[in-house]
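The listed protein sequences correspond, in order, to chains A and B.
So the first sequence is numbered by my numbering: it starts at 1 and just counts up by one.
So the second sequence is numbered by my numbering: it starts at 1 and just counts up by one.
Derived by calculation from the structure, the hints in this document are not laboratory data.
Computed from a predicted structure; not experimentally measured.
You may find that some hints are simply not true.
Each pair of labels, with its calculated beta carbon distance range [said to hold, decoys possible]:
no. : chain 1 : residue 1 : chain 2 : residue 2 : range
1   : B       : Met162    : A       : Ile71     : 37 to 45 Å
2   : A       : Lys152    : B       : Lys125    : 27 to 35 Å
3   : B       : Thr40     : A       : Asp166    : 28 to 36 Å
4   : B       : Asn59     : A       : Asn140    : 48 to 56 Å
5   : A       : Asp17     : B       : Asn6      : 16 to 24 Å
6   : B       : Leu141    : A       : Lys231    : 50 to 58 Å
7   : A       : Ile56     : B       : Asp238    : 35 to 43 Å
8   : B       : Thr40     : A       : Lys231    : 43 to 51 Å
9   : B       : Gly205    : A       : Thr40     : 28 to 36 Å
The beta-carbon is built from N, C-alpha and C at its ideal position, and this holds for glycine as well.
Protein chains: 2
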Amino acid sequence: MTCDINDLADFASLLADESRKVINKYFRKNITISIKNDNTQATNVDIEVEELLRQIIKNRYEGHQIVGEEIINEKKIDNSGIKWVLDPIDGTRAFIHGKPTFGTLIAVIKNDLPIVGLIDQPIQKERWISFNNKTNYNGNLVKSSNNTDINKARLEATSPLMFSEDSYKKFLKIVSSVSSVSWGADCYAYGMLANGYVDIVCEQGMKFWDYAALIPIIEGSGGKISDWTGKRLDETSDGAVLASANEKIHEKALKILNN
Amino acid sequence: MTCDINDLADFASLLADESRKVINKYFRKNITISIKNDNTQATNVDIEVEELLRQIIKNRYEGHQIVGEEIINEKKIDNSGIKWVLDPIDGTRAFIHGKPTFGTLIAVIKNDLPIVGLIDQPIQKERWISFNNKTNYNGNLVKSSNNTDINKARLEATSPLMFSEDSYKKFLKIVSSVSSVSWGADCYAYGMLANGYVDIVCEQGMKFWDYAALIPIIEGSGGKISDWTGKRLDETSDGAVLASANEKIHEKALKILNN
């Protein structure tokens, strides 16, 4: 089985077409909510989407490893070095509350490097896909903002409850430096950053499936993404994520976080 | 000039049709941001929409008073006792950040009582309108949730930064009692409550134009809205707002806030 990057990206899009159908069937209808071991919520939709995507991947690429948020992960991997990372609904709370700002996240990792990233917002039919260091939004290349002035920056975070007490204090130093702060957008915030409407996203407590797909999306639009010390994100990162519209504003945000 | 409530509601809808056109022209395009005296942001779009709506109201109902967020208010009022309350873009930060969860708010107040309330989300083409104690969403009557179990409640607030230190502590008591908390939705959270997807919205620092339209919307769907002491909201309220899907869960939330 060849693993051409264009084929993998096309296949990721096909997966998102399928997840979109399932999610649209359930959005704002009767959904079943369960509480997971880590005390977070999942719905029947999260699980149905992940099962479906896993099955489609297995049918096409039998030996690829699959890592997902909802289902126990299999260790099996063939010599392609390819791993699919799935978050069927990033922003389950927004989904439960009827807000169309959640998304399906799909990443393709080759030998620990994310080579394809995809965010799909199924209700608004918005899709970001990134590979070969280019990020595409609904068919058009996008470019993050070139604003390097932190005082004019637009900041996003999903929830104040995601931070530890100490890290919330650090986060508030960025809050007091920027011009506007808005909340609750999950992966959608990173999409808005890629499109140039947001300058900084600063979060904590993220899992690998929450940020794997975002790495190519942010980098392909001209932005920068790392942990809070500036280190490149990978499967072993501590879950603190800083994404910025460009390298200069990223450096400024890192300095505020660490001073 | 007659002031039939059905005519007023139809006219409110016509105003929202016009605001929708202007906002769609600017969303995710070049917008100009200015900082107001109270240190909050406004855009050229907030101002253009409010000027337009004021002009249309004046042409139709010359003597009605108009109160809006962006423009100095005129005291003039005729013997109809009617006041229009306008917030051209509730959720300016979301609008600036490219997120389609802001809304245009229009209320009609007669002798200090809100008799028509309207929320319009122009990008997603979602509209709530309430009068005669019924709330309509895109042409269908809606009903808030009948969940009375606070442990299963879905809670919304726009931003942790809207609370004073003391009130944030009170708010966190509700947070620790509910099943899910989601942020950043501005007026859209109240629309989701009317439609049955959210049980409680708890906020502070709200102005009259932020909540006037929400009173009929929440009440017309079967919900309850008050300040944090349980007192009915009016122009003199202190800006603390509690909206709930039904009376029972409202009482429980009030008890948590005040104990």
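Results for each hint:
1. Our hint of 37 to 45 Å for B:Met162 and A:Ile71 holds, since their Cβ atoms are close to 38 Å apart.
2. For A:Lys152 paired with B:Lys125, a C-beta distance near 31 Å keeps the hint of 27 to 35 Å intact.
3. Taking the beta carbon of each, B:Thr40 and A:Asp166 are about 29 Å apart, inside 28 to 36 Å as hinted.
4. For B:Asn59 and A:Asn140, the hinted distance range of 48 to 56 Å is not satisfied, since their beta carbons lie about 40 Å from each other.
5. Checking the proposed 16 to 24 Å range against A:Asp17 and B:Asn6 shows it is violated: the Cβ atoms sit about 45 Å from each other.
6. Separation of B:Leu141 from A:Lys231 is about 54 Å and conforms to the stated range, judged on CB atoms against 50 to 58 Å.
7. A hinted range of 35 to 43 Å is violated for the C-beta pair A:Ile56 and B:Asp238, which are about 54 Å apart.
8. For the pair B:Thr40 and A:Lys231, the supplied restraint of 43 to 51 Å is violated, since their beta-carbon distance comes to about 36 Å.
9. Taken as a hint, the range 28 to 36 Å holds for the pair B:Gly205 and A:Thr40, whose Cβ atoms sit roughly 29 Å apart.
Going through the hint list in order, the structure does not satisfy hints 4, 5, 7, 8.
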